[in-house]
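**Q** Produce the entire structure from the sequences given, and follow the hints as far as they go.
Protein chains in written order, with numbering that gives the first Met the number 0: chain G, 0 to 431; chain C, 0 to 413.
Note that these hints are calculated values from the structure, not bench results.
Take every hint as true, because none was put in to throw you off.
Derived BS3-like pairs (lysine-lysine); straight-line CA-CA distance at most 27 Å:
#1 G/LYS351 with G/LYS135
#2 G/LYS33 with C/LYS125
#3 C/LYS309 with G/LYS33
Computed footprint of chain C on chain G; a stretch qualifies when at least three of its residues, placed anywhere within it, have a C-beta under 8 Å from a C-beta of chain C:
#4 250-256
#5 363-374
#6 403-412
All residues carry an ideal CB built from backbone N, CA and C; glycine is no exception.
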Amino acid sequence: MTELSASNVAFVRTEPVPAAAPPSNASGPVKWIKDNLFDGVGNSILTVLAFLAIYFILSRTMPWILNGIWDAPTLSACREILDGATGACFAVISERWNQLLFGFKYPSELYWRPALAFAMLFAAAAPVLFFDLPRKLLIFTGLYPFIAFWLIWGGPVFYPLIALIGLVVAYKVFERFEKNNFAMALGLGLLAALVVWSLASFVGDNSVLLAVSIESVPSRALGGFMLNMMLGVTCVSLSLPLGIALALGRQSSMPFIKYICVIFIEFIRGVPLITLLFVASVMLSYFFPPGSGVDLFIRVVIMITMFSAAYIAEVIRGGLAALPKGQYEAADSLGLDYAQAMRLIILPQALKISIPGIVNVAVGLFKDTTLVSVISMFDLIGMIRGPILASTDWSGVYWELFGFAALLFFVVCYGISQYSQWLERRLATDHR
Amino acid sequence: MTIMTDPPKASFRLSMLLNDSRYRSLTLQVIAAMLLALAIFYLANNVATNLAALGVNISFDFLGAPAGYDINQRLIEYTSQSSNLRAAFVGILNTMLVAVLACITATIFGVFAGVLRLSNNWVVSKLMSIYVEIFRNIPVLIWILIIYGVMTVVLPAPSAFRGDNATSSMFMGVSAFTNRGVYIPGPEFSRIFGETGVLSAGIGWLVAMAILVGSFFGARTVNKRATRIQEATGDRPATLVTNLSIWFLPIIAFFIITGLNFDIPELKGFNFRGGIKVGAPLIAIWFALSIYTGAFIAENVRAGIQAVSKGQTEAAGALGIRPGRIMSLVVLPQALRVIIPPMISNFLNITKNSSLAILVGYADVTATLGGITLNQTGRAIECVVLLMLFYLIISLTISGVANMYNNSNKLQER
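**A** Rendered as structure tokens:
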């Protein structure tokens, strides 16, 4: 029997036959449309209804948006330019731009200071959000709160500087004693910071140390979207450590600690944020020593921080509970004490699981900062409802202003949630 | 005789309080308790000093004093001479009203959007994801204000309904959407309950609801009997006609006996009279809460349906079950276990967010007790504490129900 090979048969194909194109109705846009839009009677009806809805919405909003007027001093002037045609008066946004962003009391010649602080926020947040960046950048993140405080409120550079020095000293002391005992190191660090700060309180009002100073701005001058950003960023960053502590406390085997944490968390989660803001505005000042006069901004920050800490604690508790028990036992069997086991084994994994939940809380909290307009703080919504809609120039402009506010919040919140989804994919180490 | 020897007595040293894990947790708790007591004492002392400096004391007497303000939206009798307590109670009922209404509609919106988001239809699923993203990422406060704006700015004034060439007309001839509120026909029971009014209509509806509950149990008995016969003999007796008559005959008979009729609103003078007026603030807060929370519920519904593994659907298909029944018998029961707990927490959120009603002037408990009463009497601490107590009770009740549900529906594994 001879084998068939290229040498003894007349013709052998040397290359495969090219694949024929699929029939035109089984590929390409036609098939896609058929599969996704008109697959059956019910589906076709849905498609038609959806397109009708889209047309209905667009036909009403697009002319209004496209025909918008961006440059007019008052609403009546804007209506004159429009001359009866449909169109938006976006002029209110361009005319009141600074008020919407900074509030109506912040000195206009100092707008560059919060704007600079806002720009620096990105630089400070970058190393926290993206792990690939050099770790040295975290130094700037550590400095940022003090720089931002000084830029926004102004005043002598001495105060933020001494606060910073106190924390640096505390950290150095903590680092020195950390090897011996975590709790002792923490206590000594706090003590060192308190010593530095109390030494600083001896500096007199006329001291030369206070000479380096920029124009100071009182808290009540803060407003606009800046206020929402400040409240959101401050409260989320403050509530993270507090939330971790509460979650660990709730998991604790010591009944007294556990029940304090449970009561605190359930109480805060059981009442609406607005009642906590009422507490901040009318009740909290009773709890401070007489004559201390803590200003409203700080009182609101305290209450919102407590609020979000309770929610973050619940999210982290979920993360802690989701860890297999073997992780706890493995840490114990290595001879790690509680602080080491938590910091090296448990929390890194639990926090990773909790990231989506924490981001959800952060987004919710940022949206909830608009509630401060109810206790007559002039944040973005407070500015719109108060000074702008009440002015004779622009009373009656609703959709442009609320649309603008909605857009700002949408951009920030959607951005954060997209980041969290990216981070989740990035951190996924399980094999799926 | 036996000689008892005591075991060697462990000597207790003071350092064991810190170094021995048997005693350390006790030490820490005692320290924590002392710190807490110190903090409470410090705060209480501050409060006492501050109150003494202002010359006021804590007292709940103001609850009995006349409130002195009017409330438009009320479910029970209330005048400006009624007490602050009654004003708070009117507010509580209003909070409950808007919370219950919003929970129902939010569920409808959410289930609708969540199911459609999983649709094979590309446009519809994209449209629903846009809805979810837009509503979840914009504060509910802005939605309340926008919808309130629609209610008060866009809708026509009652005068637009007047005259021969009126610019607006009543919806189906019975309802009017005006910038002062929506007027809908009000049901009345003219025969048995006598005088027309909110109260008699309320009793009438309560009786009607009781009849419906009775029909529900009646129909269930019929169905159970049918199932029993089916299991015994293999044939299921026809129950459709019996069921329909059990559901509809009693309630129709009740309506005919009591003479149900509808009071249709009509334009008289400058405003509409008759019917039920649903104020713009109620509609704004109701609709805004439903559509905002609906977006969250939609996500829960989608996640719940996707959480049921595809193998379940395929296994049911392999057993020869029809697609519709696969949904109702296999997928939904498993999905509901995932959907219900977050749904209940969304209901809780609705209740808490209803406190934003104060923004559009809807007289919920935050607006009456925490708003006007607080401002008029200056009893800040008392009002805020009572307000928090109310919300706390509601929240704990709802989460108690949720826990009960979760425990009874836990996945039973080995």
